[in-house]
Amino acid sequence: MEPVRNPLAWLLWLWMVVVILGAFFYAPLAAGFIGQSSRILYFHVPMAWTAFLGFYVAGFFSLLYLFGPRAARHDRAAAAAIELGLVLGVLATITGAIWARIMWGAYWNWDPRQTSIVLALVFYGAYLALRDAVEDGEKRARLAAAYAVLGLVVTPFFFFVVPRITYSLHPEPVINSRGKVEMELRMLQVLLSSTVGFTALFFWMHNLHTRIRALAEAGAEESEAQ
Amino acid sequence: MNPSGGITWVAVTNVIIWTGLFLYLLRLHRKVRELEKKP
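One line per chain: the protein sequences are F and W, in this order.
Note that the numbering used here numbers the first sequence so that position 126 is 127, with each residue one more than the last.
Note that the numbering used here numbers the second sequence so that position 32 is 1244, with each residue one more than the last.
Everything labelled a hint here was simulated from the structure, so no lab data went into it.
Some hints could be false.
Only pairs whose alpha carbons sit at most 20 Å apart, straight line, appear in this in silico SDA-like list of lysine to any residue [unchecked claim]:
id	chain 1	residue 1	chain 2	residue 2
1	W	1250	F	212
2	W	1249	F	91
3	W	1243	F	209
4	W	1243	F	7
5	W	1250	F	226
6	W	1243	F	9
7	W	1249	F	18
8	W	1250	F	219
9	W	1250	W	1239
10	W	1243	F	208
11	W	1243	F	226
12	W	1250	F	9
13	W	1249	F	210
14	W	1250	F	10
15	W	1243	F	205
16	W	1249	F	14
With the hints as constraints, model all of the structure from the sequences given.
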């Protein structure tokens, strides 16, 4: 098997190892949090961010599909981004629930943050159901693209608006309600580094997932032709 | 349990999980490249 001579991949490995060590040994504990629970921040927030990114990347490729030359590669890229966004969104929900168990005494509290992310996951879960329900490839791509473009409007509402307009126990976002970043410097350094690492990881996984989809589609067409 | 010892184990577990995911992705990357080169 040919080795991957990609120094960027190894740089990402090293980057994330440093982030993990920074999260546990460099960043101080946040005030007002029980025990070590504030350290989950360095993984939970980047996961939620990359889930949002995935849904927006899907919207971007869907716009390219609808207003471009109707290229199948754009449809594949949109579907791959939503699938990854869903996985990361589920991981963000699980890590959030673990933190909620420590801080609030229960995994699930129907807090506006928890509720809004679940609604976002249901919205994008329906995207996958829509894709499964339509057999004709071109029609499926067109409908799915229109749905993902609708997501460009809906997603910021779930991620940013609902948690800010309702009373929530959830800690303030990095950019707080006064529009300022008031996080301790070392915490902010680790959080931003983790977000950069997760973003790079997302684009790597997205690239691979899109190419695997292309190979699977080519394989299916080949076996149909035989 | 010593709190700093506990946190070390959590950090080590995180590094192991990340390294496992990374090696899996690297292997997948190679496999995809090979399949794409096939005529």
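These are the hints, each one checked on the structure:
no.: 1; hint: W:1250 x F:212; verdict: 14 Å, holds
no.: 2; hint: W:1249 x F:91; verdict: 34 Å, violated
no.: 3; hint: W:1243 x F:209; verdict: 10 Å, holds
no.: 4; hint: W:1243 x F:7; verdict: 14 Å, holds
no.: 5; hint: W:1250 x F:226; verdict: 18 Å, holds
no.: 6; hint: W:1243 x F:9; verdict: 18 Å, holds
no.: 7; hint: W:1249 x F:18; verdict: 32 Å, violated
no.: 8; hint: W:1250 x F:219; verdict: 12 Å, holds
no.: 9; hint: W:1250 x W:1239; verdict: 17 Å, holds
no.: 10; hint: W:1243 x F:208; verdict: 13 Å, holds
no.: 11; hint: W:1243 x F:226; verdict: 24 Å, violated
no.: 12; hint: W:1250 x F:9; verdict: 25 Å, violated
no.: 13; hint: W:1249 x F:210; verdict: 17 Å, holds
no.: 14; hint: W:1250 x F:10; verdict: 24 Å, violated
no.: 15; hint: W:1243 x F:205; verdict: 14 Å, holds
no.: 16; hint: W:1249 x F:14; verdict: 26 Å, violated
In summary, the structure is inconsistent with hints 2, 7, 11, 12, 14 and 16 from the numbered list given earlier, while agreeing with the others.
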